[in-house]
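Make a model of the complete structure from these sequences and hints.
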Amino acid sequence: NGFSTNGLSSDMIYRYSRQLLLPDFGVEGQYKLSRSRVLVIGAGGLGSPAAMYLASCGVGCLGIVDGDFVELNNLHRQIIHTESYVGKPKVQSAAAACRAINSSIKVVEHQELLHPSNALKIVNQYDVVVDATDNLPSRYMISDCCVVLKKPLISGAALGLEGQLTVYNHKGSPCYRCLFPTPPPSAACQRCSDSGVLGVVPGVIGCMQALEAVKIAADVGEPLSGRMLLFDALSARVRIVKIRGRSPGCTICGENSSFTKEEFERFDYENFTQSPMSDRTRPKVTL
Amino acid sequence: NGFSTNGLSSDMIYRYSRQLLLPDFGVEGQYKLSRSRVLVIGAGGLGSPAAMYLASCGVGCLGIVDGDFVELNNLHRQIIHTESYVGKPKVQSAAAACRAINSSIKVVEHQELLHPSNALKIVNQYDVVVDATDNLPSRYMISDCCVVLKKPLISGAALGLEGQLTVYNHKGSPCYRCLFPTPPPSAACQRCSDSGVLGVVPGVIGCMQALEAVKIAADVGEPLSGRMLLFDALSARVRIVKIRGRSPGCTICGENSSFTKEEFERFDYENFTQSPMSDRTRPKVTL
Amino acid sequence: MHLTLEFGGGLELLLKDSVKLHHVDVKPKSGEDNVTMRDLLTWVKGNLIKERPEMFIKGDSVRPGVLVLINDCDWELCGNLDAELEEKDVVVFISTLHGG
Amino acid sequence: MHLTLEFGGGLELLLKDSVKLHHVDVKPKSGEDNVTMRDLLTWVKGNLIKERPEMFIKGDSVRPGVLVLINDCDWELCGNLDAELEEKDVVVFISTLHGG
Ligand SMILES: [Zn+2]
Ligand SMILES: [Zn+2]
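If you're matching them up, the sequences are chains A, B, C and D in order. For the first sequence, the working numbering begins at 1 and goes up steadily by one. For the second sequence, the working numbering begins at 288 and goes up steadily by one. For the third sequence, the working numbering begins at 575 and goes up steadily by one. For the fourth sequence, the working numbering begins at 675 and goes up steadily by one.
Because the hints were derived from the structure by calculation, they are not lab data. The structure displayed is predicted, hence computed values, not measured ones. Treat the hints with care, as some may be off.
[As the list claims (entries may be wrong)] Reference excerpt, derived from the structure (chain B facing chain A, CB under 8 Å, subset only):
(1) P336
(2) G345
(3) L359
(4) C479
(5) S482
(6) L485
(7) M495
[As the list claims (entries may be wrong)] Distance condition first, Cα-Cα at most 25 Å in a straight line; then the derived DMTMM-like pairs of lysine to aspartate or glutamate:
(8) C/K590 - B/D506
(9) B/K529 - C/E661
(10) D/K694 - A/D219
(11) C/K619 - C/E586
(12) A/K106 - B/E358
(13) A/K88 - B/D298
(14) A/K242 - C/E586
(15) B/K529 - D/E760
(16) A/K242 - D/D763
(17) C/K662 - D/E758
(18) D/K762 - C/D663
(19) B/K458 - B/D311
(20) D/K694 - D/D746
(21) C/K662 - D/E760
(22) B/K529 - D/D713
(23) A/K106 - A/D219
(24) D/K690 - A/D24
(25) B/K319 - A/D194
(26) B/K408 - B/D555
(27) A/K242 - C/E660
(28) B/K529 - D/E758
(29) B/K529 - C/D646
(30) A/K151 - A/E112
(31) B/K529 - D/E680
(32) C/K594 - C/E628
(33) A/K242 - D/E761
(34) A/K242 - C/D656
(35) D/K732 - D/D713
(36) A/K242 - C/E580
(37) A/K242 - D/D746
(38) B/K319 - A/E83
(39) D/K762 - C/E658
Heads up, the beta-carbon is just placed ideally off N, CA and C, and yes, glycines get one too.
So this is what it looks like as structure tokens:
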């Protein structure tokens, strides 16, 4: 188990040999990955494949935040959870799955709803943040938090038969508020629990989130900064579009922004978006 | 557990409620999916997410074929396998993972290398075939088999930092031989075990294979027939290109083809491609 | 002027039969040579949106949460409402998703 | 004639520094007006391929296992070697992958 001069143990060299063979990744990429700390916020449809692939490919420390419990109607898309974990905390279930895949990395369980009061403390322990949540106030909160703490944010979303993906707050790319300074009307804020989602659509986006996190953590390739991927599952079409850069006038990340950690902790994201962070309603499906 | 008039049990209505809510999928899509039989050939990098998502979203019968055993250096990308299954048959490991996610579907284990002598019998039990193998002779064999048995074939591939995906032999789309009548020189046939692969790249392609299988099984949307998706992970680019249709002169699927089941069973795919089907060599990684 | 319009992220639900892709012919206002995005928004509201127009338009622009792309480029980079369209341009209106 | 050439699926390893994307200027042969795919293959072989040309060309076409795409369309649908290229066309050469 001794470490060789390249910083990888012999166990790691064997386990990750297929990645070490890659000229564009190699030992240096794997070493950087093994030193990186990645936080996945949300152990649901997006977080399931994101966390599993981040664990399997060898990030050094993987944190998972979620305050929810596994329900049977999550399992059609949240492949990290098995039936035996129904009723148990999602974080506990997800962490167990990640450890079963790779016992050599550190997996940290944050079994709580991410909230302005705990977000700074949790997010600050990581280098890269994956937003795998399912609601609008969390998306604003996580983006603001990443701006305040200067962390790159890999933001994915999926609903129905569509998905979206981009990297915020990284290499001149905008923050969520640069793109969406004003929240949409709450009637436009559909969730998977209201509107449904085909299981594998968040799978595709969650995998791509893991990929972007790996690229940033290992410092290889061109991240999806300043670009957004739009995925339409039904027609099997993908658009990758150029989006605006960081807005100088942005109230959060702009040049004259005075948004502080204290303001962040006091900001009422649910009121700002007129939309709840936690979704415990159970829609009735009547057929 | 009684079935209602729409063919779905109350358990299914609860488990799949998020998919039933989708106007473009709904009860009819779920019902068709629950009656479909999908075969995943290969429980490796592509087959891992493909099988897990097919199981979770509710195909009626999921078959998995593989003759290999789980190795530690598979685990950086083959997220269906846990460390506790190292040394055990991949099919056994994969089937256990799928059953743990969804005990209400039928999972069939074919613990053998797919070969012309057993392929017809196995493939014929399914409606949709997912090629998640890692070698050229298997790709020709599976395509020929799907032509002979008239099955749609969802073909994915991943190597290094790139992936490819298309649907063969479906709605006028070509077979593998229409595109590649002559095999490439064996020097061009790199494998993940020789050249490496970044863990999450087959993850992205395998998810998309599951998606295409679901679309065909449930008869929704436009499958990737006559189109090919080209994915470049490093630059985060996706191209979806138009490819030729079925070739009238194709020796296998063409108008005057006389390729029979008997010829298929006798065909030597390893000799044809000058490349082995099973890969048990262990490359040395010296650093 | 022939344009391809695409609606996504749920905006297609505001259109007839929820069709996402539309090949349309939009004429400049009388006395003008060009079609701007401002003109196009008016045209879309009048000709394509079948219900809940407030989910598409707010004031003289799109509602918050909608991204507008001209030939796969954010309209903020091409002049926003004043962007002048050209023959065969592709304009995408997409609502941001929040689900997971 | 300005063309964008892209190499993938491992073909980029045959090029200098394994660069995938190339913006090039290809002139018609003397006495001819057009550049065909046949001309382009000769030009690529002479100007871009740095090693193992047999992994790119076989006979007068690409080797088996290579897909050729002109503006995101299989060259079999555009005339194969006789396809005539136009200004700003994008030509992709991609080797089929077998891994998983
Ligand atoms: Zn900003
Ligand atoms: Zn054929």
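Verification of the supplied hints:
This hint holds: B/P336 has a C-beta 6 Å from the nearest C-beta of chain A, less than the 8 Å allowed. Given hint, B/G345 at the interface with chain A, holds; its Cβ is 7 Å from that chain's nearest Cβ, closer than 8 Å. Below 8 Å, beta-carbon pairs count as interface contacts, and B/L359 has one with chain A at about 5 Å; its hint therefore holds. Checking B/C479 against chain A by beta carbon gives a least distance of about 6 Å; that is within 8 Å, so the hint holds.
This hint holds: B/S482 has a C-beta 6 Å from the nearest C-beta of chain A, less than the 8 Å allowed. With its C-beta approaching chain A no nearer than about 6 Å, B/L485 sits inside the 8 Å limit, and its interface hint holds. The criterion of a C-beta within 8 Å of any C-beta in chain A is met by B/M495, whose closest approach is roughly 6 Å, and the hint holds. For the hint linking C/K590 to B/D506, the alpha-carbon distance of about 23 Å falls within 25 Å, and the restraint holds.
Taken as a hint, the B/K529 and C/E661 pair is honoured in the structure, with Cα atoms around 24 Å apart against an allowance of 25 Å. Using a Cα cut-off of 25 Å, the hinted pair D/K694 and A/D219 holds, with the two alpha carbons roughly 19 Å apart. The straight-line distance between the Cα atoms of C/K619 and C/E586 is roughly 13 Å, inside the 25 Å bound, and the hint therefore holds. With a C-alpha separation of about 21 Å, the suggested pair A/K106 and B/E358 falls inside the 25 Å cut-off, and the hint holds.
Taken as a hint, the A/K88 and B/D298 pair is honoured in the structure, with Cα atoms around 19 Å apart against an allowance of 25 Å. A distance of roughly 22 Å separates the Cα atoms of A/K242 and C/E586; the hinted pair therefore holds under the 25 Å criterion. Simply put, B/K529 and D/E760 have alpha-carbon atoms about 19 Å apart, close enough for the 25 Å limit, and the pair holds. Annotation: proposed proximity of A/K242 to D/D763 holds, straight-line Cα distance about 21 Å (limit 25 Å).
The straight-line distance between the Cα atoms of C/K662 and D/E758 is roughly 23 Å, inside the 25 Å bound, and the hint therefore holds. Annotation: proposed proximity of D/K762 to C/D663 holds, straight-line Cα distance about 17 Å (limit 25 Å). Proposed proximity of B/K458 and B/D311 is supported: the alpha carbons are some 20 Å apart, at most 25 Å. With a C-alpha separation of about 16 Å, the suggested pair D/K694 and D/D746 falls inside the 25 Å cut-off, and the hint holds.
For the hint pairing C/K662 with D/E760, the CA-to-CA distance comes to about 18 Å; that is within 25 Å, so the pair holds. A distance of roughly 23 Å separates the Cα atoms of B/K529 and D/D713; the hinted pair therefore holds under the 25 Å criterion. Taken as a hint, the A/K106 and A/D219 pair is honoured in the structure, with Cα atoms around 21 Å apart against an allowance of 25 Å. A hinted pair counts as satisfied when its Cα atoms are at most 25 Å apart, and D/K690 with A/D24 qualifies at roughly 15 Å.
Taking the CA atoms of B/K319 and A/D194, the gap is near 23 Å; set against the 25 Å cutoff, the hint holds. A C-alpha spacing of about 18 Å is found between B/K408 and B/D555, which places the hinted pair at or below 25 Å, so the restraint holds. For a cut-off of 25 Å, the pair hint linking A/K242 to C/E660 stands: about 19 Å separates their Cα positions. For a cut-off of 25 Å, the pair hint linking B/K529 to D/E758 stands: about 18 Å separates their Cα positions.
This hinted pair checks out: B/K529 and C/D646 have alpha carbons roughly 20 Å apart, not beyond 25 Å. Only pairs whose Cα atoms come within 25 Å are accepted, and A/K151 paired with A/E112 is accepted, the gap being roughly 21 Å. Of the supplied pair hints, the one linking B/K529 and D/E680 holds, its CA atoms being roughly 16 Å apart against a limit of 25 Å. A distance of roughly 18 Å separates the Cα atoms of C/K594 and C/E628; the hinted pair therefore holds under the 25 Å criterion.
A hinted pair counts as satisfied when its Cα atoms are at most 25 Å apart, and A/K242 with D/E761 qualifies at roughly 24 Å. Under the criterion of a C-alpha separation no larger than 25 Å, the hint pairing A/K242 with C/D656 is consistent with the structure, at around 19 Å. For the hint pairing D/K732 with D/D713, the CA-to-CA distance comes to about 15 Å; that is within 25 Å, so the pair holds. As the CA atoms of A/K242 and C/E580 are separated by approximately 16 Å, the hinted pair is consistent with the 25 Å bound.
For the suggested pair A/K242 and D/D746, the alpha carbons sit about 20 Å apart, so the restraint of at most 25 Å is met. Only pairs whose Cα atoms come within 25 Å are accepted, and B/K319 paired with A/E83 is accepted, the gap being roughly 23 Å. Among the hinted pairs, D/K762 with C/E658 is consistent with the structure: their alpha-carbon atoms are about 23 Å apart, no more than 25 Å.
Checked against the numbered hints listed earlier, the structure breaks none of them; every hint is satisfied.
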